Every structure is written in C-alpha cells, then in structure tokens.
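Chemist: From just these sequences and the hints, can you work out the full model?
Residue numbers (this note's numbering), protein chains in the order written: chain B, 1 to 146; chain F, 1 to 139.
One should not assume that every hint holds.
As the list claims (entries may be wrong) - Only part of the chain B face toward chain F is listed, based on derived beta-carbon distances under 10 Å:
| # | residue |
| --- | --- |
| 1 | Gly11 |
| 2 | Val14 |
| 3 | Ser18 |
| 4 | Gly72 |
| 5 | Gly100 |
| 6 | Tyr104 |
| 7 | Ala119 |
| 8 | Val129 |
| 9 | Leu143 |
Said to hold, decoys possible - Partial selection, computed: residues in chain B whose CB lies under 10 Å from chain F:
| # | residue |
| --- | --- |
| 10 | Ile9 |
| 11 | Ser10 |
| 12 | Gln17 |
| 13 | Phe49 |
| 14 | Ser70 |
| 15 | Ser118 |
| 16 | Asn125 |
As the list claims (entries may be wrong) - Coverage of chain F stretches by chain B, computed from C-beta distances (three or more under 8 Å per stretch; other residues unrestricted):
| # | stretch |
| --- | --- |
| 17 | 97-108 |
| 18 | 120-126 |
Note that these hints are calculated values from the structure, not bench results.
From a predicted model like this one, the values you see are computed outputs, not experimental measurements.
Built from N, CA and C at the ideal position, the CB exists for glycine as well.
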Amino acid sequence: MSMFQIFGISGSAVSAQSQRLNVVASNLANADTVAGPDGQAYKARQTVFQTTLMGQRGFGMNAGASAEASAGVRVSTITEDQSPGRRVHDPKHPAADATGYVTYSNVNSVEEMVNMISASRSYQNNIEVMSTARSLLQKTLQLGQS
Amino acid sequence: MINRLTGSLDFQTEALVLRAERQRLIASNIANADTPGYVARDFSFAQALRQATGSSGGPSALGGPITGDVMAEGFGRGRASPALRYATPSQTNLDNNTVDMDRERASFADNALKYESTLRFINGSVRTMLEAMKSHNQG
Numbered sequence: 001m002s003m004f005q006i007f008g009i010s011g012s013a014v015s016a017q018s019q020r021l022n023v024v025a026s027n028l029a030n031a032d033t034v035a036g037p038d039g040q041a042y043k044a045r046q047t048v049f050q051t052t053l054m055g056q057r058g059f060g061m062n063a064g065a066s067a068e069a070s071a072g073v074r075v076s077t078i079t080e081d082q083s084p085g086r087r088v089h090d091p092k093h094p095a096a097d098a099t100g101y102v103t104y105s106n107v108n109s110v111e112e113m114v115n116m117i118s119a120s121r122s123y124q125n126n127i128e129v130m131s132t133a134r135s136l137l138q139k140t141l142q143l144g145q146s
Numbered sequence: 001m002i003n004r005l006t007g008s009l010d011f012q013t014e015a016l017v018l019r020a021e022r023q024r025l026i027a028s029n030i031a032n033a034d035t036p037g038y039v040a041r042d043f044s045f046a047q048a049l050r051q052a053t054g055s056s057g058g059p060s061a062l063g064g065p066i067t068g069d070v071m072a073e074g075f076g077r078g079r080a081s082p083a084l085r086y087a088t089p090s091q092t093n094l095d096n097n098t099v100d101m102d103r104e105r106a107s108f109a110d111n112a113l114k115y116e117s118t119l120r121f122i123n124g125s126v127r128t129m130l131e132a133m134k135s136h137n138q139g
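Modeler: Written out as structure tokens, the structure reads:
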C-alpha cells in the first residue's frame, strides 16, 4: 500500500526540517559570540537538503517508476558560511585585536529568523500531510463496516 | 461467480489505488519543498485511470457481462505505474526548485477528498450488495 510510504516521506522531511531548525537555533544563540574555542569567531551554519529515494516499491506497481516516485529528504551536509565576521571598534574589549577591533560572528539574525519561519512552516505542512494520510488510512481500514 | 460479485468494484479499486499513488507523489513534493534542484512531479489522473481500466468511460464501460477472459487478462496484465510528468514552474526560483506550495497543497486537499469519496462509493456498493444478500427473514 503506497499510502504507508507517506509516513516515511513526511517523516524524513520533518526530521530534516527539525535539524534545520536546530542549526538556526545555534546560529541565533551564537549571534553575538566573540570567539569560539579555536580562537575564531563563530561561523554561521547552513543545512543543505538532498532528495533521497525511498526504495520501496508501490503495491503491484512496476519497479522503476514507482520506486522513483517516493522521494524523501535528508540533510546531506552542513556548510559553514566563510564570509568575514562583523567587526566592531571597541579597544576596551578583552578580545580586541591590535587595531582595537573586535570580530563578532558572521550570523545575520534577519536571515536566520526568515530561515526559522520557513523551516517551521515546512514542518507544519509535513505534519499536516501525515495527519491527512493517517485519517485516510483509518477510513480505508473501516472499509465495508457500517 | 465471485468475479461477478466483485466485478462492479474493479473500477473504484483502480481509482483508489491511483488516488493513493497520487497522494504519495504530492507528499513527496511537499516534503521536498526546500530541497535545491528538486523538480515537482505529478500525473494525469484521468489518463492513468483510462490506462489502468483499459476503458474510455466510467463505470458504465463495465456494465456489460463480465467474462472470465476479461478477469484473467486483468490479473495477468499487472498494474502499470502512471507516467510521471514534470511541473512547469510558475515562478522561477534561485535554487531551481519547482515546487509550488500553493498548488501542491490544493492538489493534496483535492486528492484527499476524492480518495475519501472513492472510499464511500466502494462502501456504498458493498452495502448494496450485502443488502441484496440478506433474506427477508433477517430484515
């Protein structure tokens, strides 16, 4: 029954979106970080999504096209933004360099907020897909009962 | 004999299977709404149903007497998966993703409703058949 695969598809999307949300949370938390453990300011991270084929075949369907049809999502890599961090002139700051500038992380909080809303909307969409599939399956199970 | 009883359900069964398949496809599209380079896919339900039932019309095409040959052919043929088509994007996207969320959500709701209505048609047919089987004494 191909309907059961919807849970796999939407489940993979939900977990990918929650990982994205996780990355956004750590970016926002580190928006004002001055120096990390390695002495460098925090670099903003971005998740990269990739389509992953859910290998199962649909019931009674031909092999090729149907297996191709169900496409889940996974996080392939998490990239670090290499753009230079925000520099603020503050000679009294303990982390200031020789010229009196402090390098903060390169997190753009507006960008992260937009990213967060987008991730949360996508998460909701996928949950809705799952709940619709669930209620349809439940009705299918009750087929023939009055 | 049992062929004659279930024959009237064949059309709706094919429709139900195709609806489930389409539901899964749309779920894939929604799941990949943020994947760079993903191309949204869909199939023409009418065409797929015509192909699956091998008829040009609705249930009326099954109205004739169902012979053993038709059933045997139906089982032997198996179920071909519908031809997938790629959606043409209404707006270009920087990451080449062609999922239009509004369209997908509308299709999803539409398909869910039609799946449910097909279920009801099957339920109705089954109930009619059961009613016909009942003897007068039971009623």
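Chemist: Against the earlier hints, flag every one the structure doesn't satisfy and list their numbers going up.
Modeler: 3, 5 and 6
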